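Enquirer: Each chain, letter by letter, is given below.
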Amino acid sequence: MADVAAAWRPYRAVLASRVRSQASYRGGFVLDLASSLLVGLVELAEVWVLYRAISDPGGIGGLDLAAAVLVFGLADLSFSIADMLVGHVDTLPRYLRSGTLDVFYLRPQPLLAQLVTSEISVRRITRIAVGAVALGIGLVINDIAWTPLHVLFLALVVLTSTATFAGVFVAAAGVQFFLVDASEMTNAIVYGGRYAASQPASVWSKPLVALFGFAVPIAFTAYLPTVALLGLRGSAWLPGWVGWLAPLAAVWTWAVALLAWRTGIRHYQGGGG
Amino acid sequence: MRHDGQPASGTVELTVTWLRVHGRLFASGWRRGATYRAAALGGLVANATFGLLKASILTAAVRAAGGELGGYDQAAILAYAWLTQALLGSVNLFGRSDLADRMKDGSIAIDLLRPVDVQTASTAQEVGRALFSLLPRGVPLVVLGALFGGLRLPTDPAQLALGVISVVLAVVLSSLLVYLVAASGFWTVETRGLQVFYMIVSGFLAGLFVPVTLFPDWLLTLAWSTPFPPLLQVPVDVLSGRVTGTAALALVGLQVGWLAVIYAIGALMTRAGRRRLEVQGG
Chain Y
1 MADVAAAWRP YRAVLASRVR SQASYRGGFV LDLASSLLVG LVELAEVWVL
51 YRAISDPGGI GGLDLAAAVL VFGLADLSFS IADMLVGHVD TLPRYLRSGT
101 LDVFYLRPQP LLAQLVTSEI SVRRITRIAV GAVALGIGLV INDIAWTPLH
151 VLFLALVVLT STATFAGVFV AAAGVQFFLV DASEMTNAIV YGGRYAASQP
201 ASVWSKPLVA LFGFAVPIAF TAYLPTVALL GLRGSAWLPG WVGWLAPLAA
251 VWTWAVALLA WRTGIRHYQG GGG
Chain X
1001 MRHDGQPASG TVELTVTWLR VHGRLFASGW RRGATYRAAA LGGLVANATF
1051 GLLKASILTA AVRAAGGELG GYDQAAILAY AWLTQALLGS VNLFGRSDLA
1101 DRMKDGSIAI DLLRPVDVQT ASTAQEVGRA LFSLLPRGVP LVVLGALFGG
1151 LRLPTDPAQL ALGVISVVLA VVLSSLLVYL VAASGFWTVE TRGLQVFYMI
1201 VSGFLAGLFV PVTLFPDWLL TLAWSTPFPP LLQVPVDVLS GRVTGTAALA
1251 LVGLQVGWLA VIYAIGALMT RAGRRRLEVQ GG
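In the order they appear, the protein sequences are chains Y and X.
Okay, so the first sequence: first residue is 1 according to this note's numbering, each after it adds one.
Okay, so the second sequence: first residue is 1001 according to this note's numbering, each after it adds one.
Keep in mind that the hints were calculated from the coordinates and are not lab data.
Bear in mind the structure is a predicted one, so any value in this text is a computation, not a measurement.
Here are some, though not all, of the chain X residues that point toward chain Y, as calculated from beta-carbon distances under 8 Å:
id	residue
1	Leu-1041
2	Gly-1042
3	Val-1045
4	Ala-1046
5	Leu-1052
6	Leu-1053
7	Ser-1056
8	Ile-1057
9	Ala-1060
10	Phe-1204
For every residue, glycine included, the Cβ atom is placed at its ideal position computed from N, Cα and C.
All chains should be modelled from the sequences, with the hints used to inform the complete structure.
Expert: Printed below as a string of structure tokens:
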């Protein structure tokens, strides 16, 4: 136990310094907090506007507004936590272009661990709050037949969905070693994935099911667990019971992420400095 | 001023000079857009992904609403989903501009010494870059949407021409709006807060996520009292042929009206701001 605490001490020191540095520009920090709160609220408002405009109580893709709020809450909470913890790995292209990545090679720690632990984006905390509140509302307004299994499943899903999104960030970073200037290409997966996560996957066209249902298992982060929790039917390609397998998506994502990262590292030739 | 430094005489000559200078600035913006090929490709992939996602959820929503939602049927909502993404590389909804960076690092002082108006000069460059983006991002996305996404554009040449005019007006209007964001830097050094606020509000009220016609009444009124629907909702509706005839002309008229208002505000800000500006260092 003491060993674990000792092992984490450097990370705690780094994080504490990052938090202090972000909070020291008070105006900018408050502004960042306010803007990520506003972004979260506007995105929730979009869900509300769309579902409100439909009078059919059946909702869209088998989800009514209450279920959609639950999906949004799960998706946004887990994405935002992942974004806070590892989202900064998307600054990798900047290190690659300026050649400063080589500095990390001088330190006796794995490159990925250093990048992940080099920063924590505290400003995401308001976005996490929006996700958590939406999730809370979603759990209250939906009719869920709670059993201990449901509670355990929900807790596990928040963890594994966060891990899935974290894996997506890392996989995207691995690909950056090849793309460098086309970082928007991976944004299609990362931020497209965030957007996709808050949608009912039952409405997706076939290419989307292939992309966000299986290759990058975004459907497993929020939509399918919600379908499982509410006991809904799901769709032909992603039936309701698949939702219970949601945690496995994190394992698959991390296998791909670590492979992408390793390939990227092997490809990297150094900044020439 | 002419190239030999002598003040130009006569209105015609002044106009010709103005056009030549701004034409060159436009061309330089266009060329800059052309240099970032990889970034344009990345943007295209991102837009296509979002196009697919938007098309899926919005067509499902129209189906759920019984075939018509906020004035959109299946064909109209598909056009909406693809065209908004096609315009996203050109209509500036992010609030960022080169001028904002130049304000911050102080190079604006050099711009102010030049014998061209800062507002029109920087807008000409932004418009050049933005219109170039239609080639690597806008046109391919329309083609992709037509081939795989069920996008149909009107065949009436008059309607198409009006649509293209509306797109150009939207691009110019967005550049002028972003100029206002940057020009607030005359008073405050850091404009990032305003830029982020612009990004959040403009996208939502322009109809980037859902058409503004789906908004509840109070929000719809709020949206139409801002210059944001003319950035996206209007050009998409005119280009897709959802709004035709005099209604379409009225929408384009609205764009022209906002263009004049936002230009005037920008001109006033430039005049007031250049007396306020403090540049640090030197």
